[in-house]
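**Student:** The chain contents come next:
Protein chains: 2
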Amino acid sequence: MARIVMKFGGTSVANIDRIRRVSELVDDEVKAGHEVAVVVSAMSGETNRLVELVDVLDGDGDQGGAIEDEYDAIVSSGEQVTSGLLAIALRRRGVKARSWLGWQIPLKTDMAHSKARISDIETLAMDPSLKDGVVGVVAGFQGVSSDGRISTLGRGGSDTSAVALAVALKADRCDIYTDVDGIYTTDPRIAEDARRLGKISFEEMLELASLGAKVLQTRSVELAMNNNLPIRVLTSFAQPGEDNPGTIVCNEEETMEERVVSGVAYSRDEAQITLLRLEDRPGTVAAICGVMADANVIVDMIVQGRSRAENAANLTFTVGKRDLEKALKALEAVKGDIGFEDIISDSKVTKVSIVGIGMRSHTGVAKTMFDALAKRGINVEVIATSEIKISVLIDAEYTELAVRTLHSAFELETA
Amino acid sequence: MARIVMKFGGTSVANIDRIRRVSELVDDEVKAGHEVAVVVSAMSGETNRLVELVDVLDGDGDQGGAIEDEYDAIVSSGEQVTSGLLAIALRRRGVKARSWLGWQIPLKTDMAHSKARISDIETLAMDPSLKDGVVGVVAGFQGVSSDGRISTLGRGGSDTSAVALAVALKADRCDIYTDVDGIYTTDPRIAEDARRLGKISFEEMLELASLGAKVLQTRSVELAMNNNLPIRVLTSFAQPGEDNPGTIVCNEEETMEERVVSGVAYSRDEAQITLLRLEDRPGTVAAICGVMADANVIVDMIVQGRSRAENAANLTFTVGKRDLEKALKALEAVKGDIGFEDIISDSKVTKVSIVGIGMRSHTGVAKTMFDALAKRGINVEVIATSEIKISVLIDAEYTELAVRTLHSAFELETA
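Respectively, the protein sequence lines represent chains B and X. Under this note's numbering, the first residue of the first sequence carries the number 1, and numbering increases by one thereafter. Under this note's numbering, the first residue of the second sequence carries the number 1001, and numbering increases by one thereafter.
Hints in this document: simulated from the structure, not taken from any laboratory. Fair warning: this is a prediction, and the values are worked out from it, not measured in the lab. Treat the hints with caution; some may be incorrect.
[Stated by the list, open to error] Okay, derived cross-link-like pairs now, DSSO-like style, lysine-lysine, Cα gap no bigger than 27 Å in a straight line:
no.: 1; chain 1: X; residue 1: K1214; chain 2: X; residue 2: K1199
no.: 2; chain 1: X; residue 1: K1115; chain 2: B; residue 2: K96
no.: 3; chain 1: B; residue 1: K199; chain 2: B; residue 2: K170
no.: 4; chain 1: B; residue 1: K115; chain 2: X; residue 2: K1031
no.: 5; chain 1: X; residue 1: K1348; chain 2: X; residue 2: K1326
no.: 6; chain 1: B; residue 1: K348; chain 2: B; residue 2: K214
no.: 7; chain 1: X; residue 1: K1115; chain 2: X; residue 2: K1096
no.: 8; chain 1: X; residue 1: K1108; chain 2: B; residue 2: K108
no.: 9; chain 1: B; residue 1: K96; chain 2: B; residue 2: K115
[To be verified] If you only want the chain X side, here are some residues facing chain B, beta carbon under 7 Å, derived:
no.: 10; residue: E1029
no.: 11; residue: Q1063
no.: 12; residue: G1064
no.: 13; residue: A1073
no.: 14; residue: L1085
no.: 15; residue: I1088
no.: 16; residue: A1089
no.: 17; residue: N1296
no.: 18; residue: V1299
no.: 19; residue: I1302
Don't be surprised by glycine CBs; every beta carbon is placed ideally from N, CA and C.
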């Protein structure tokens, strides 16, 4: 007998039939003798519907300050509905079950409404209920802030709910059911020969998640890594009886396969900003990073290139595409103070990355990458590296070509 | 400065534009210097949508027992969304506001999920917030049961939430905004000359509400009466600046108008059951009432008529149309035990009632009523009376004719 946390995303609970299918999958684990907690997202489309209602009213004026507390009260209702419905579906299959809302557990968070962080999960109420064989159906994505209001963990927060709950409940594993059957070497819609990985390390998954692979939410992987809790990613769309091993995300030592590069990720959510003829004196880059931080814009890849003019250089960096306008506005305002001549920007760029813990011990990975891209005539604008990844910024037109090129350059199609 | 509770039903918050209009009406009261709590229903259609989701899954089997706790968690989300949206709309008008869910107030109820009764409303948290000038936007219809689960008060429960909250907050008045501009002498869709009443007593309103006038929920009127809290019923659809006095529901002494009959109500939700040749021995009627109570069926009008056969009588009574099948099944099962020969039933009946506190001191009201009906050839099947009302059960085909006949017989069209 084990204790398991299962998590089902929006497409897995999209309608009544899908919820029934999920109740079967849960029932299978109960029948196997396990104690089960299930974390559910809102039915797909529901969160967007609610966010649109909020956005319309939010746009009515500038008065009245922040509304994130109310946003949370509204948007969290989606998961509330799903958790109740799944509890009913389970009961009607003869499985004991009850729903748990964030404030009922309680799953406590800080006060950062709409992007709250979990501070503590109490298991005093849930633990005995699970031990009694009652499946706990938990509304994901939500908690309760220290002032007793509903908080939400930000988009994709249900993954984080699931992993955090699994840690708090001392679960043996956390199974994340989604609409794909595991983690792939790259996006199968781009590279037909992309291959499902049997195992992947936390570190690699973390890079892939933050580099644009949208299967798992970054914070959930961090949390699993910090607590050494294995996550299994698998599909809720398999037919009953069908083989569905998924991908295990676990400690490096437990990943058996010897690979240099594990996957190719890409993100179209980037925009490039270049400040032309920036005055070259100590502290200007820091000042610009400060301006971006004040505007709540995250700066990603940064590269500084010396221009031919004396005491001046161009500074190029990337920001999220959605933040581009905000970033440009903030920079325009400090043009004179910081000292640069012009700003150019480009949102038709893609960040393509290769990820692999094998890079730590293997040389020549960068050379293979740049040779392969150059051979296809793909220009690299900006480069960023970490111990286990290399990212390049390229013209968005070349996205698919670059992904396929790197996928075969590192022979990811072969096990 | 007064403290006011305002309540808005589903059609009043049906969409974003309606919610904006409600925020104006609330703003008017705030600008007048009042402390305001607002109780809102779900956007119209939303509760039905959620109930349908529940019903589909509930129909999957007989296992797993009651699901009312999950029904409550699901269905209460409708009011949760509206309260958040109205709080945002108010802030964007520059009005300080926050939403309150049942468990946050807390509005405590018993454990009778889906038809819970309020046991206590704490004002320790809300009171200082209102005093600070923050409009409290309360999700109606919901509370928290003694085991910390969400409970709901049953259909129309938002009226009850509003009145109970007004009592707990020691509000000066409770304004119930709806889609009609007050309480009418009868249904204006049936009698064109129906007239809005300026005032009506609690007792009369209570009879009208329980007799089919759907403007106010019965329990909310009881609660207002027991606490002598005046309710004003008015429309949220008036144009800004338009006169909108509504109808005041208050203590008998404060209703100035001298009327014998105040209104004519009707209900098509009735069904008639007759047990033929019931054995005439002590306790049979009680036994039948017991059978109905065990089946959770409410028996309304009862009349016993002696048949020509010795030691046998016919017993006629009415039940809610929705309970008819359940009632017939329960009766069929005890046919031999209790002793009657046959059951006949009729669901094409309507209950038409006249209501007025003046009946207490005026004679001849019944005569006027039966004369008027007889003159139009309307047969009366069953009669029931109380101190301030007379109800008759008639063939449903005559509903409109009977309503109009009684409305003019008591000259309700003239003030």
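**Student:** Now, for every hint given, state plainly whether the structure supports it.
**Tutor:** Verification of the supplied hints:
no.: 1; hint: K1214(X) to K1199(X); in the structure: holds (17 Å)
no.: 2; hint: K1115(X) to K96(B); in the structure: holds (23 Å)
no.: 3; hint: K199(B) to K170(B); in the structure: holds (22 Å)
no.: 4; hint: K115(B) to K1031(X); in the structure: violated (34 Å)
no.: 5; hint: K1348(X) to K1326(X); in the structure: holds (17 Å)
no.: 6; hint: K348(B) to K214(B); in the structure: holds (20 Å)
no.: 7; hint: K1115(X) to K1096(X); in the structure: violated (33 Å)
no.: 8; hint: K1108(X) to K108(B); in the structure: holds (22 Å)
no.: 9; hint: K96(B) to K115(B); in the structure: violated (33 Å)
no.: 10; hint: E1029; in the structure: violated (17 Å)
no.: 11; hint: Q1063; in the structure: holds (4 Å)
no.: 12; hint: G1064; in the structure: holds (3 Å)
no.: 13; hint: A1073; in the structure: holds (4 Å)
no.: 14; hint: L1085; in the structure: holds (6 Å)
no.: 15; hint: I1088; in the structure: holds (5 Å)
no.: 16; hint: A1089; in the structure: holds (5 Å)
no.: 17; hint: N1296; in the structure: violated (21 Å)
no.: 18; hint: V1299; in the structure: violated (31 Å)
no.: 19; hint: I1302; in the structure: violated (38 Å)
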